[in-house]
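Asks: Taken in sequence, the protein lines are chains A and B.
For the first sequence, position 271 matches number 271 in the numbering used here, and the numbering has no gaps at all.
For the second sequence, position 224 matches number 550 in the numbering used here, and the numbering has no gaps at all.
Since the hints were made in silico from the structure, they are not lab data.
Covered stretches of chain B, as calculated for chain A (at least 3 residues, CB under 8 Å): (1) 592-606; (2) 696-708.
A few chain A residues that face chain B, going by a derived Cβ cut-off under 10 Å, partial list only: (3) G18; (4) V19; (5) F27; (6) M155; (7) S156; (8) I164; (9) V293; (10) M296; (11) G300; (12) L303; (13) L308.
Built from N, CA and C at the ideal position, the CB exists for glycine as well.
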Amino acid sequence: MLSYIIRRLLFAIPILIGVNFITFALFFMVNTPDDMARAQLGAKQTTPEMIEAWKQDHHYNKPLFFNESAAGFDKVQETLFVQESLKLFMFEFGKSDSGRQISSDILERMVPSLTLALPTFIIGLTTNIALALLIVLFRGSRLDMAAMMIAVAIMSISGLFYIIAGQVLFSKIWHWVPISGYESGWDSLKFIVLPVLIGVFAGIGSGLRWYRSLFLEEINKDYVRTARAKGLSEIQVLFRHVFQNGLLPILTGVVVVIPSLFMGSLIMESFFGIPGLGSYTLDAINAQDFAIVKAMVFLGSVLYIIGLILTDISYTWFDPRVRLSK
Amino acid sequence: MSLTFLWTDILVWGLVISLFIWGKLIGRSPQVQQQWLRVFNSKVAMVSAVLLLTYVLFALLDSIHLVINQHTHSLLDLALQHLIDSTERTYSAPFALTEYNKSTQVLADGTTAQIYLPLKYVNPQQSIGFLILQGFSLGLLISVLLVTLHTYWRSLKNNQAWLILAPKMLKNETQLPWLTAYITLTLVLITFSVIYQLSHHYHVLGTDKVGGDVLYESLKSIRTGVLIGVLTTLVMLPVALILGISAGLFKGWVDDVIQYLYTTLNSIPGVLLIAAAVLVMQVIMGNHPDWFASTEERADIRLLFLIFILGLTSWTGLCRLLRAETLKISQIEFVTASRAFGVSRIKIIYKHILPNVMHIVLIAVVLDFSGLVLAEAVLSYVGVGVDPTMHSWGNMINQARLEMAREPMVWWSLLSAFFFMFILVLAANLFSDRVQFVLDPRNQDGRF
Chain A
1 MLSYIIRRLL
11 FAIPILIGVN
21 FITFALFFMV
31 NTPDDMARAQ
41 LGAKQTTPEM
51 IEAWKQDHHY
61 NKPLFFNESA
71 AGFDKVQETL
81 FVQESLKLFM
91 FEFGKSDSGR
101 QISSDILERM
111 VPSLTLALPT
121 FIIGLTTNIA
131 LALLIVLFRG
141 SRLDMAAMMI
151 AVAIMSISGL
161 FYIIAGQVLF
171 SKIWHWVPIS
181 GYESGWDSLK
191 FIVLPVLIGV
201 FAGIGSGLRW
211 YRSLFLEEIN
221 KDYVRTARAK
231 GLSEIQVLFR
241 HVFQNGLLPI
251 LTGVVVVIPS
261 LFMGSLIMES
271 FFGIPGLGSY
281 TLDAINAQDF
291 AIVKAMVFLG
301 SVLYIIGLIL
311 TDISYTWFDP
321 RVRLSK
Chain B
327 MSLTFLWTDI
337 LVWGLVISLF
347 IWGKLIGRSP
357 QVQQQWLRVF
367 NSKVAMVSAV
377 LLLTYVLFAL
387 LDSIHLVINQ
397 HTHSLLDLAL
407 QHLIDSTERT
417 YSAPFALTEY
427 NKSTQVLADG
437 TTAQIYLPLK
447 YVNPQQSIGF
457 LILQGFSLGL
467 LISVLLVTLH
477 TYWRSLKNNQ
487 AWLILAPKML
497 KNETQLPWLT
507 AYITLTLVLI
517 TFSVIYQLSH
527 HYHVLGTDKV
537 GGDVLYESLK
547 SIRTGVLIGV
557 LTTLVMLPVA
567 LILGISAGLF
577 KGWVDDVIQY
587 LYTTLNSIPG
597 VLLIAAAVLV
607 MQVIMGNHPD
617 WFASTEERAD
627 IRLLFLIFIL
637 GLTSWTGLCR
647 LLRAETLKIS
657 QIEFVTASRA
667 FGVSRIKIIY
677 KHILPNVMHI
687 VLIAVVLDFS
697 GLVLAEAVLS
707 YVGVGVDPTM
717 HSWGNMINQA
727 RLEMAREPMV
737 WWSLLSAFFF
747 MFILVLAANL
757 FSDRVQFVLD
767 PRNQDGRF
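Build the full structure now, drawing on both the sequences and the hints.
Replies: This is how it looks when you write it as structure tokens:
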């Protein structure tokens with residue numbers, strides 16, 4: 001098991017190098033460090049010396065992928081790509097191009113992201129599973145059909161509409177919650193309620209269909225028939241047997257998402273003015289702040305890879321038939 | 327007057343022609359024919375297909391461009407010329423007779439007053455009831471004509487007397503639910519002809535900030551939505567097919583490299599990757615203004631770029647599926663046997679693997695369509711979608727954010743975008759459900 005995890009972690013390194021390579025290549029196709037310096041210093045009255053000093057300050061003074069002036073192995077090593085990537089692998093994110101400490105920014109903004117993402121995730125998951133079980137209980141009936149039609153309709157509406165409609169109804173017309181904004185501590189509750197509700201509702205359509213098909217797959221297996229033959233009621237069959245055995249595929253879908261919760265939701269956060277990591281990233285893209293973008297891309301990839309590894313581990317944890325160490 | 331082709335026009339017409347040829351080719355195989363008959367066997371699928379075809383028709387009409395007096399117009403523009411010409415000053419609600427907000431006016435006696443200005447291109451003399459009746463009869467007439475032609479064509483094709491076959495089709499007694507299709511078609515035709523009649527005298531869906539007709543905008547947005555949904559799959563398909571099948575068939579280092587490629591691309595958060603690529607494109611386009619003769623061409627190239635970028639970021643899922651399936655198929659006896667007989671790899675792929683993974687490809691293609699239409703809206707909101715000058719539902723929603731904050735609220739643009747988008751995505755979802763149900767081998771035992 002341990003050796004498996006270590007091997008998977010080692011596999012992550014080339015992937016992260018690739019991710020960084022793509023980020024660097026894409027970003028510097030657009031910008032030269034000179035452009036970035038000029039943008040940060042303000043377009044007026046920038047002398048070449050100031051630009052040079054800014055580049056020196058922010059470590060943008062080396063060539064991108066290949067250093068011709070260096071000798072031997074340093075040709076590759078003394079470059080922007082290698083130097084900056086190495087720092088990322090040490091989780092040293094450094095300063096943003098506008099001069100703020102990125103890691104403290106991330107730590108600070110993680111809290112609002114999580115206050116939004118965790119309740120959305122947990123409430124969404126329980127609602128979806130509970131509703132799906134209920135529908136499976138009535139499978140084949142008109143209720144089932146109606147629920148599936150509603151689920152498709154919910155899926156067919158863009159998330160942006162839910163957000164706009166929610167803001168108009170609950171904030172503008174009924175004045176129940178503020179339109180946008182954020183305060184720390186318990187005061188955050190009134191800002192979080194609406195986005196969480198919208199997030200849960202927007203996810204119900206696809207979630208319901210997904211969990212329903214999972215449970216339906218289980219319900220046709222032999223052990224369920226045996227349980228029924230024993231004389232268990234349908235509800236007992238569903239909750240004791242189908243639900244427990246359905247947990248494994250549910251886990252696969254769920255565990256992979258958990259790490260990415262830290263990243264927050266780009267759209268939700270920026271619409272509701274919540275100062276989380278999602279809006280942080282979006283703002284950085286718009287401001288073309290490369291230091292933040294590359295840090296967030298790196299972080300996102302790390303979390304994604306961790307999610308994949310966690311999924312595999314949770315497999316062995318809950319299903320003793322699965323053995324990872326081949 | 328001459329024809330001109332934008333890049334996306336060429337692609338979309340190319341796709342239509344190749345789909346037509348493909349349809350002719352697979353029509354020869356009785357199994358495939360039977361499968362497609364099963365798809366259309368369901369009433370829901372039939373209704374969705376008619377709706378989807380309507381959208382595609384609008385997209386195609388909007389993809390034939392003519393140059394008249396050095397201005398580019400599409401066929402759709404020409405049909406809706408009266409909507410372009412009737413641009414008002416500013417916002418007006420659907421069917422309104424006056425502008426939405428009061429304006430300060432100097433009256434004849436020299437005093438100033440706040441009044442609602444009348445709209446310039448609204449003609450309240452025509453009674454709405456009469457226009458609706460006119461549109462209704464026109465729609466019904468066209469529909470009866472089309473249905474008659476279609477039943478006649480079927481009777482020729484099936485070598486059956488028209489008088490025997492047509493009543494059967496109209497009672498849903500044929501294999502396919504034609505009656506359902508005809509009813510949907512009639513409803514669509516009547517709706518459009520009523521709206522078309524009304525649009526000559528009123529702004530049916532109101533006007534936007536600069537007085538543009540919202541109905542025109544919504545109809546023009548159809549092309550953008552459909553093109554992004556359809557062409558993106560066209561871009562992604564060959565990449566996913568070639569890489570997925572090679573990974574599964576050649577194994578070894580080829581498999582490693584391809585797996586590495588898609589894992590890497592997958593682990594970059596999607597919106598970030600797309601945003602970065604779109605920014606690159608914007609800068610390149612900004613540096614080469616000489617590449618484009620007109621703003622239409624510029625917006626078109628930007629749409630094309632967006633399609634490419636979306637395609638290049640969305641092949642990974644299908645590629646992984648195809649790799650797994652190819653791995654499975656290449657272990658089956660008939661493939662091992664043909665390999666032992668020395669059949670070439672290319673031939674094995676063409677004869678054995680491609681036909682056996684086709685259902686996965688088709689399912690993935692129809693499932694992706696609605697997701698891509700929705701993605702366009704989100705990307706335009708983030709500011710990395712289609713050109714802001716281009717009509718798209720994403721741009722309409724984006725504009726609506728500001729309109730919602732106005733007092734009183736301007737709601738009709740948002741609602742129109744919502745409605746047009748919802749119908750398209752809903753039809754696509756329902757249709758893809760049916761395709762998945764019929765083509766997925768796991769559903770063949772008819773359990774659910």
